[in-house]
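Work out the full structure, taking the sequences as your base and the hints as a guide.
Protein chains in written order, with the working numbering: chain A, 1 to 518; chain B, 1001 to 1090.
Read the hints as simulated data drawn from the structure, not as lab findings.
These numbers were taken from a predicted model, which means no experiment stands behind them.
Note that beta-carbon positions come from the ideal geometry of N, C-alpha and C, so glycine has one too.
A portion of the hints provided could be inaccurate.
Said to hold, decoys possible - Taking beta-carbon pairs under 10 Å as the criterion, some of the chain A residues facing chain B (in silico):
id : residue
1  : 232
2  : 271
3  : 316
4  : 318
5  : 418
6  : 435
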Amino acid sequence: MSEFLVVTDAQGATLDDLVTMHKSLVVSGSKDIKWLVYGAVPDAVKHLQRRWSFRRVRVVATADEFKTSELVVFLNSGDGLYRESLVNVRETFRKNATADLIYGDSAHPTGIKAEPLSFVRRPGWSPERLRAHCYVGETLVVRADLVASAETITDLAVRHPHDRALRLTEVAKNIVRMPELLTMAKSQDTRPSASLTAVAEHCARQKIDATCELDAAVPSVRVKRKLTTEPSVAVIVPTRGTSAEVFGSERVLVVEAVRSLFEKSTYQNFEVVVVADTPTPQSVLDTLREIGGARLKIIDYDRPFNFAEKNNLGAMSCESDLILLLNDDTEIITSDALEIMVAMFNDPTVGVVGPMLLFEDSTIQSAGHIFSPDPTDLYRARSPEMAGPQNLLKVQREVSSLIAACALIRRDVFEQVGGLCMGFPGNWNDIDFCLKVQLAGYRAVFTPHAHLFHFESKTRIAKRVEAEVAKLGARWGSVLDDDPYFNPNLQRYTNIWKTDSTSKQSLDEALSFLLTVA
Amino acid sequence: MVSPAFDPVVVQKKIDALVERDAEFAKMARAREEQRQIARFGEIREYSFPPNTSQVHVTNWVHSSWMRPVRFIYRNIPRPLRRLIKKLSI
Chain A
1 MSEFLVVTDA QGATLDDLVT MHKSLVVSGS KDIKWLVYGA VPDAVKHLQR
51 RWSFRRVRVV ATADEFKTSE LVVFLNSGDG LYRESLVNVR ETFRKNATAD
101 LIYGDSAHPT GIKAEPLSFV RRPGWSPERL RAHCYVGETL VVRADLVASA
151 ETITDLAVRH PHDRALRLTE VAKNIVRMPE LLTMAKSQDT RPSASLTAVA
201 EHCARQKIDA TCELDAAVPS VRVKRKLTTE PSVAVIVPTR GTSAEVFGSE
251 RVLVVEAVRS LFEKSTYQNF EVVVVADTPT PQSVLDTLRE IGGARLKIID
301 YDRPFNFAEK NNLGAMSCES DLILLLNDDT EIITSDALEI MVAMFNDPTV
351 GVVGPMLLFE DSTIQSAGHI FSPDPTDLYR ARSPEMAGPQ NLLKVQREVS
401 SLIAACALIR RDVFEQVGGL CMGFPGNWND IDFCLKVQLA GYRAVFTPHA
451 HLFHFESKTR IAKRVEAEVA KLGARWGSVL DDDPYFNPNL QRYTNIWKTD
501 STSKQSLDEA LSFLLTVA
Chain B
1001 MVSPAFDPVV VQKKIDALVE RDAEFAKMAR AREEQRQIAR FGEIREYSFP
1051 PNTSQVHVTN WVHSSWMRPV RFIYRNIPRP LRRLIKKLSI
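The structure is reproduced here in structure tokens:
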């Protein structure tokens, strides 16, 4: 039995491509590789079989060899395996005994002499994101028995990488991201590919009631879930009736937030629960009652400020299927924002959904959090028009945490996890909440297709209290240090997705070198 | 939709139930965290954000004072030896 069977759809591949691949396999870290070059012309197969490989690579042309291999590597024609990458693959399978599918990072040529490679660092397993594009990359390492349960190996080999990834992940039970380089890609394009047909077929197989649209410019597929029922939503708005200047004119924030809900939203099966601090002016409360009528409830809150408690109080003062936590300094932009978010709950594994929030000047306020390890709003103060690396700002995806300025939550999940923790009165109650939701087995999903304004000050920096850091860390320290939807090879303490340079390693290398010399 | 007005006592009971559930989850999360810490460090430590070791903050080591003699020696050794060191370090 061989250790690895590398499968390549070689139809239309040039001999140069195949030779480059062969070279990469020789130094990929395994001495026992069978390479199935499916569809290659017989002369090319003969040429490859004659190449010197220290007996590490055996080129085969039939799929029968599959039965005698432990692991199958799907490798696109022209791409290579990164140097020694199979050593890491072996190690990852050893550490995760139940893993049956592994994907990893890739290196792409840039064509620039000074910086010859760019790296695609991939997040952890994110099924929602895979429906949008093939973010897992085109090289997958799979246990042979899993391949057998999905489809025949030759059928999988010739499929679009997105289609192949969807089919394999449907049957895989434990999918593991290896935060190491796996692929040396041929293409300079680092954007994930997307196939509309593959996603539509996947939705049909998984019984996801949705329409799929291809955004060719990105490229990505948008899965628009259909609203089959109209669950009731309770919108919880904590306020103290503050006024501020927005778009050049003074406004009472809560009034406009509530007005935009009633006037702009196409989804109207909601009621609003305003949790008002004692100093809230009576005129503001009167205006709110005028706007909301019977669908608006005002709850008095006369205790010291505690954002978590205010939201919990609002949520427990009403009945609904879903709870929308909404700050008073927000305003709806996309009229179907609520519909988009509500429709996500067709999937029973979704616990909380958050939209893209924009500042007054239409730059990003929040597109989901990353823990780097300080919880940060990803791409804060950047244009929402940009797609971000690997188009991550344009696709629905799982996140570790969402901002509570606007988050839609299933009520049963809210109650199951104990709502927002009142031990975090100001900061990080949302982070703690989202992590509790995930601990309970639900997903937190960010959608870039629903937009709201959040008129927060751009320069506001939340005060960090060390006691709160310690408290959050005592619960979630490992997640903060290693966010599953981040990548350990990215720069820390920043809000962008940027590969860390080798300088950290070079310090280690320099020190070890000095020790060697000494 | 309009939900009925709840008695404040009922609401407070519900909030108390939330606090209990939160405490249970906190306990679960802390236990998991403690296990991980023991596996990693062999002890339970108070959490604080780790120092930033990303590119922007570590390049300064080259200019630190303890590097001066090393730099001096490196710059004044015979060129072939210097090349060898350079080659080995990459």
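So, going through the hints one by one against the coordinates:
Annotation: residue 232 of chain A was flagged as interfacial toward chain B, and the flag holds, the nearest CB pair being 4 Å apart, inside 10 Å. A hinted interface residue such as residue 271 of chain A counts as satisfied when its beta carbon comes closer than 10 Å to some beta carbon of chain B; here the least separation is about 5 Å, so the hint holds. Restraint check, residue 316 of chain A versus chain B: the minimum CB separation of about 4 Å is within 10 Å; hint holds. Proximity of residue 318 of chain A to chain B holds as hinted, the smallest CB-CB distance being about 4 Å (cut-off 10 Å).
The restraint placing residue 418 of chain A at the interface with chain B holds, with a minimum CB-CB distance near 3 Å, inside the 10 Å limit. Hint status for residue 435 of chain A: holds, given a least beta-carbon distance of 7 Å to chain B, under 10 Å.
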